[in-house]
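So the protein sequences, as listed, match chains A and B.
For the first sequence, my numbering assigns the number 24 to the initial residue and increments by one for each residue that follows.
For the second sequence, my numbering assigns the number 112 to the initial residue and increments by one for each residue that follows.
Calculated directly from the structure, the hints in this document are not laboratory data.
Here a beta-carbon is modelled for each residue, glycine too, at the ideal position from N, C-alpha and C.
Honestly, I wouldn't trust all of these hints.
Stated by the list, open to error - Derived pair list, reagent style PhoX-like, types lysine-lysine, alpha-carbon separation capped at 20 Å:
| id | chain 1 | residue 1 | chain 2 | residue 2 |
| --- | --- | --- | --- | --- |
| 1 | A | Lys58 | B | Lys456 |
| 2 | A | Lys48 | B | Lys209 |
| 3 | B | Lys164 | A | Lys49 |
| 4 | B | Lys125 | B | Lys114 |
| 5 | A | Lys100 | A | Lys45 |
| 6 | A | Lys58 | A | Lys34 |
| 7 | A | Lys73 | B | Lys172 |
| 8 | B | Lys133 | B | Lys114 |
| 9 | B | Lys403 | B | Lys432 |
| 10 | B | Lys403 | B | Lys338 |
| 11 | B | Lys243 | A | Lys100 |
| 12 | A | Lys100 | B | Lys164 |
| 13 | B | Lys133 | A | Lys73 |
| 14 | B | Lys338 | B | Lys301 |
| 15 | B | Lys164 | A | Lys48 |
| 16 | B | Lys301 | B | Lys456 |
| 17 | B | Lys136 | B | Lys125 |
| 18 | A | Lys100 | B | Lys369 |
| 19 | A | Lys58 | A | Lys73 |
Said to hold, decoys possible - Which stretches of chain A does chain B cover? Using the computed rule of at least three CB atoms under 8 Å from a CB of chain B, they are:
| id | stretch |
| --- | --- |
| 20 | 34-44 |
| 21 | 70-77 |
| 22 | 85-99 |
Claimed, not checked - Not close to chain A: a few residues of chain B, all C-beta gaps over 12 Å, as computed:
| id | residue |
| --- | --- |
| 23 | Asp252 |
| 24 | Asp260 |
| 25 | Ser266 |
| 26 | Asn293 |
| 27 | Ala352 |
| 28 | Asn382 |
| 29 | Glu383 |
| 30 | Asp452 |
These are the residues of each chain, in order.
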Amino acid sequence: MGVNMSEDLKKQIVDLFHEKSKGDKKMFYIRDVTKWLPDVDRHTIHDAVKVLLDEGALVYWSSGSSTYLVLAEFFPKEEGSRS
Amino acid sequence: MAKSDTPLLDELEKGKWPSFVKDMKQAAQKSPMAEDLLRQLELSYKDKIGHWKHGGIVGVKGYGAGVIGRYSDRPDLFPNVQAFHTMRVNHPTGWFYKTDALRNLCDVWDKHGSSLTNMHGATGDVILLGTKTEHLQSCFDDLSAAGFDLGGSGSALRTPSACVGPGRCEWACVDSLDVCYNLTMHYQDKMHRPMFPYKFKIKVSACANDCVASIARSDFSVIGTWKGDIQINQKEVLAYAVSAINIQTEVCDLCPTKCMEWNGKELKIYNEDCTRCMHCINLMSKALRPGKERGATILVGGKAPIVQGALLSWVIVPFMKLEPPYTELKDLIDRIQDWWDEHGKSRERLGELITRLGMRVFLRAVGLPAVPQMVKAPRTNPYVFFWPEEIQKEVK
Numbered sequence: 024m025g026v027n028m029s030e031d032l033k034k035q036i037v038d039l040f041h042e043k044s045k046g047d048k049k050m051f052y053i054r055d056v057t058k059w060l061p062d063v064d065r066h067t068i069h070d071a072v073k074v075l076l077d078e079g080a081l082v083y084w085s086s087g088s089s090t091y092l093v094l095a096e097f098f099p100k101e102e103g104s105r106s
Numbered sequence: 112m113a114k115s116d117t118p119l120l121d122e123l124e125k126g127k128w129p130s131f132v133k134d135m136k137q138a139a140q141k142s143p144m145a146e147d148l149l150r151q152l153e154l155s156y157k158d159k160i161g162h163w164k165h166g167g168i169v170g171v172k173g174y175g176a177g178v179i180g181r182y183s184d185r186p187d188l189f190p191n192v193q194a195f196h197t198m199r200v201n202h203p204t205g206w207f208y209k210t211d212a213l214r215n216l217c218d219v220w221d222k223h224g225s226s227l228t229n230m231h232g233a234t235g236d237v238i239l240l241g242t243k244t245e246h247l248q249s250c251f252d253d254l255s256a257a258g259f260d261l262g263g264s265g266s267a268l269r270t271p272s273a274c275v276g277p278g279r280c281e282w283a284c285v286d287s288l289d290v291c292y293n294l295t296m297h298y299q300d301k302m303h304r305p306m307f308p309y310k311f312k313i314k315v316s317a318c319a320n321d322c323v324a325s326i327a328r329s330d331f332s333v334i335g336t337w338k339g340d341i342q343i344n345q346k347e348v349l350a351y352a353v354s355a356i357n358i359q360t361e362v363c364d365l366c367p368t369k370c371m372e373w374n375g376k377e378l379k380i381y382n383e384d385c386t387r388c389m390h391c392i393n394l395m396s397k398a399l400r401p402g403k404e405r406g407a408t409i410l411v412g413g414k415a416p417i418v419q420g421a422l423l424s425w426v427i428v429p430f431m432k433l434e435p436p437y438t439e440l441k442d443l444i445d446r447i448q449d450w451w452d453e454h455g456k457s458r459e460r461l462g463e464l465i466t467r468l469g470m471r472v473f474l475r476a477v478g479l480p481a482v483p484q485m486v487k488a489p490r491t492n493p494y495v496f497f498w499p500e501e502i503q504k505e506v507k
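Could you put the whole structure together from the sequences, leaning on the hints where they help?
Next comes the structure, spelled out in structure tokens:
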């Protein structure tokens, strides 16, 4: 049951990332993810996100001071060209 | 004489202080990355704008911290710094290195990076400045083989740091090195897998001299202190009196709470008024020592001015006995981080959250009683701690 719930939660999180990433904004704080799922325990969400990071569905993007989460497919390509 | 390529940077070599430009020029003799770095910096001074793009890659397997992506926005001019990522390496507690460890570290960085380092960054880590994306994993692997690990960055627990403590200092009231190392090992996941609203810093000072400036620079400060009376050796006090120190003017008159009396023969301390400023102990090291019962004061909320102004830490536990495995300390840290994690806005530090929601809300949430030592500063009103129902109870 626990495994299924976890799989359900992971799918829910990935679906939400896809939905929220439809606009220009692709990177989200972990705080955003917990707000998307107000009825789910915060720690459970953290655990599910960590698994998604391990599986490569999500990746970290860090500015050095803050860390964001982004769907792997939307992770910016190697930077370096003039913005 | 050949015209310099970096006339503006050359100006920074003048004057009596050591210059980072000089160091960079030295590194540039053997590192093309350092050479391009110099030239890009010169352009930044010329254009009056930074030419870095910050952020991005956190490219080490299993880690979400410890690497800070950085890219040049003029790779056409400076191809060797197109990617110039920073790696933060967890320093040894108290910054004690064996020379072979330092040599290994430098060898790894000569192999994978620009050879430029910042020893050490504000948090305490070894900052390795400038490596390419394709070197991140192999550099990390070599660092691991040499016994080093990455530190914290981003919205994570940052690398805890501590003063040299009992390793070199006779005033140490707690083993700051052991506390720091123990916490570092215990919280590896929180350091390497960012899940916080923002950064969280822990610093440990073994006495109230606070040599790591934990009170100003950390969200959670552990500062060694003592209970009971300062130990006095009156013979040594007299020795100071007849040698170099004017005890009345240099010790008693400078005591912030005027808790000391000197009659020319004997020094008396009214310990109940002592605020542990350490001035007298520092000045008469042979005559005065901290009291015998030792532990730490726990404070929270220090930070530099970013969102709000600078905040100094605030006492929340006046005295905690600190003994391995530091369960009481870890439980407190967990409760505090959990409350902050639940209520903190993105990029809101613990001190800012407490300022926003109030100290009494914080104390209730983490299960601490309000005590007189929690007064934030002299002459501030401690009654902010009381809840309306408590005041009503008192009135009845």
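Where does the structure disagree with the numbered hints, that is, which hint numbers, in rising order?
2, 13, 14, 18, 20, 25, 30
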